[in-house]
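**Student:** Take these sequences, add in the hints, and give me the full structure.
Number of protein chains: 2
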Amino acid sequence: MQKPLDIAVVGSGLVGSLLAIYLRRQGHSVHVYDRSPDIRTITFSGRSINLAMSHRGWKALDGVGIGDEVRKIAIAMDKRAIHIGNEVKFQQYGKDGEAIYSISRGVLNRKMIDLAEAAGAIFHFEQKIWDVTLADATLHIGETERGEWTDIKHDMVFGADGAFSRIRHRMQRQSMFNYSQEFLEIGYKELNIPPNPDGSHKLDKNSFHIWPRGQYMLIALPNLDGSFTCTLFMPFEGENSFASLPDRQSVEAFFEKNFPDSIDVIPKLAEDFFKNPTSTLVTMKCFPWTFADKVALIGDACHAIVPFYGQGMNAGFEDITVLNECIETHGDDWVKIFSEYEKSRKPNADAIAELSYRNFMEMSSSTADEKFLLQKKIEKKFSAKYPEKWQPLYSRVTFSHRPYAEALAIGDKQNEIMAEVMAMPDIFEKWDSDAVEEMILDLLRKSPLDHS
Amino acid sequence: MQKPLDIAVVGSGLVGSLLAIYLRRQGHSVHVYDRSPDIRTITFSGRSINLAMSHRGWKALDGVGIGDEVRKIAIAMDKRAIHIGNEVKFQQYGKDGEAIYSISRGVLNRKMIDLAEAAGAIFHFEQKIWDVTLADATLHIGETERGEWTDIKHDMVFGADGAFSRIRHRMQRQSMFNYSQEFLEIGYKELNIPPNPDGSHKLDKNSFHIWPRGQYMLIALPNLDGSFTCTLFMPFEGENSFASLPDRQSVEAFFEKNFPDSIDVIPKLAEDFFKNPTSTLVTMKCFPWTFADKVALIGDACHAIVPFYGQGMNAGFEDITVLNECIETHGDDWVKIFSEYEKSRKPNADAIAELSYRNFMEMSSSTADEKFLLQKKIEKKFSAKYPEKWQPLYSRVTFSHRPYAEALAIGDKQNEIMAEVMAMPDIFEKWDSDAVEEMILDLLRKSPLDHS
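The listed protein sequences correspond, in order, to chains A and B.
For the first sequence, this note's numbering gives the first residue as 20, with consecutive numbering after it.
For the second sequence, this note's numbering gives the first residue as 20, with consecutive numbering after it.
Rather than coming from a laboratory, the hints here were simulated on the basis of the structure.
Be careful, since some hints might not be right.
When chains are identical, the list treats them as one kind, so a pair holds in a single copy or across two.
[What the hints assert, rightly or not] Each computed DSSO-like pair below joins lysine-lysine, with the alpha-carbon atoms no more than 30 Å apart: (1) K362 x K304; (2) K78 x K432; (3) K304 x K365; (4) K313 x K362.
**Tutor:** Shown next as structure tokens:
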């Protein structure tokens, strides 16, 4: 049992709430601060992308026994539904039984706060943290940045306050703090596919829907109420951009031309398009993540990534799993716990950032490419026959607990092998042949995938 | 003639002072703010690396007719003096007559402020700028960050306030602002070689002295008073690091073993070592550099680089040259001026950042490598015979006004060619032969260096 501490968690989002539950289970007193009102008391903002919970997320939830509670509000998606013209092609994500799970961010966040309160965490909403004194874990709270502040001292502070973290903002002003933030030229906008009158879904419920169009794409993820949350990703400027769609008429013409099968299912297209904000996408990296045994960053606050691998929340939850392992190993030695935690997580945070960045091209372009789909088919067949020899990259990231950094490294090797395979002149005819299988086996003998 | 504006320059360093002179010549009223006391009234800090002024720096000074004033306080260095064991090897930097110029940062800064005041700029020292309102170019000044502030509005603000710029700090908190800061694991410390009793220099005066030792190195640059400013670069941690030299005894033993010929010329070694701070080295990149026609960053404030190419000040001065060209082209259209300025400078700032980062290895390791020195000799000979076909990278960066980005791109191509040349099995015997020359000519025919 750990020595009980008085711990502050800044941020009542998904990672902050789950961390609060873990810390309560270890016997600490936990205060969670958030600058926003209680999300349970307000309507959602119209700027979220639905979550895709996968293995890493579930492990962290099951670690404190709340996985089943969350499964009740999740919808399994076992495949991509790829919309091209008026046709839909399906591409299974993993093996039979493997799926990612669509959850509304708002619904999950409300549930998590309920669960954290039930575990004894105390929430303080509409408390604006402007600064932190790192050396003694003191929070500085006030109405405005330049107004009067109240100082609140805890034994320890966790910054779970997202990509624009105020806690990190202070750490960033120290010497030897490495930091980067890079915005994509692509923004996103939320749209909505409402349910049928009978409450059923207008599109296949158990699919992640994609309309891949190269430089831009539309996606849709199912909600419990029969609706889908849609997200349009496209460049801010240039041809086929948000800037090129200034009015109702241009938006409707654009969708009719480029997403013809979406017209019937998005009735309030223009209304939502101009009501909902156009949001930005940022990759943020930093190091170190901790200060002595006083302050630690977790989740988006130390590794914000773009959403194209559906791993943002999963990576944040896995931070908690790893932190918890460090606590179990090192007891009350928080200097050691924090140091092991950041050392273990940093390379994996960098790896999932890279994988997520790359995956925009896969989603928006490659899924519309016959050759890419054939490659996935070859990998799938080979992997089914030789599961020990070949786990596809997507599965390593999504249906595994092995480190992201390993997935990235092995994925790069697999890509080299598949590039040779796909370069065979008549690959579309003989993809199913023994020759292809022999070729992969031979290439694997020459350069084995595993480091071990 | 431009419409006269009321312009604030934040930062009275080298770039801020020179920019003030340019803006005064264009008829603007110029106020320069600095958080520190007037450098003309204080002793220097013991944490500077001597400057190496080269072509780009001189061009910016000559552009307002003050080059000759500055030449009076500069010492030409036409070669590297490479100290290995008790031997010294010389390596000429460029063609005969080409040199870089050693100047004390403090001495130059004092001179520049004098010149800016003479040009009519008004300096305000010990004025701490904590924030700026970008939309209306208002500076917020006060004793402390949390205390009372005075607001001062100008027509336009230039942030010339260095790597830790407060002006940039505000821009950084806007959406779509890309930013990175990355610290080296290597720090530096200033040491001193005093003059001989008769005022002469203890080492060759017209050389840039280097003691290359792989992971660490010592350098020394001449001053007017007969002394040299030395800088020790070494890792913070590990073997041969600042952490490994905790006391007088270990420092002296380390220098005796590794820099034997420095012992006699650095009399106050241990005293300076523990009196002077160990400073950090950071590469900082960002974009955009400007906000509407109200605020612009310049110099280290938008592109701080590590000092290993001696181009930090030169790059900052070249910003001013380019800004001035944009002003001359676009008159009073400051939106256009700022946009052209940042678009033109950004790729070159990135290129010199990369070149500077790479050059640590060249200085600290390659200059002690026979093969590297031979390669330079081959390049030099070829370049002398075919000056139109081959300008060495160092000369492109240092003795040229062509863009840094071009130097980087062409330098990479040259390196590929030289790698093939140096791979010849008997290159040490036949480096001077026609065969080598023919090989380079042949490789150049196959892949010409220039983009044009």
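**Student:** Each hint: holds or not?
**Tutor:** Hint check:
In the homo-oligomer, the alpha carbons of K362 and K304 lie at most 30 Å apart both inside one protomer (14 Å) and across protomers (25 Å), since each shortest distance falls under that limit. Taking CA atoms no more than 30 Å apart as the test, K78 paired with K432 passes inside one copy only; the shortest distance there is 28 Å, against 50 Å between copies. For the identical chains of this complex, K304 and K365 are neighbours both inside a copy (9 Å) and across copies (22 Å), given an alpha-carbon limit of 30 Å. With identical chains, the CA atoms of K313 and K362 are at most 30 Å apart within one copy only, with a shortest distance of 17 Å there and 43 Å across copies.
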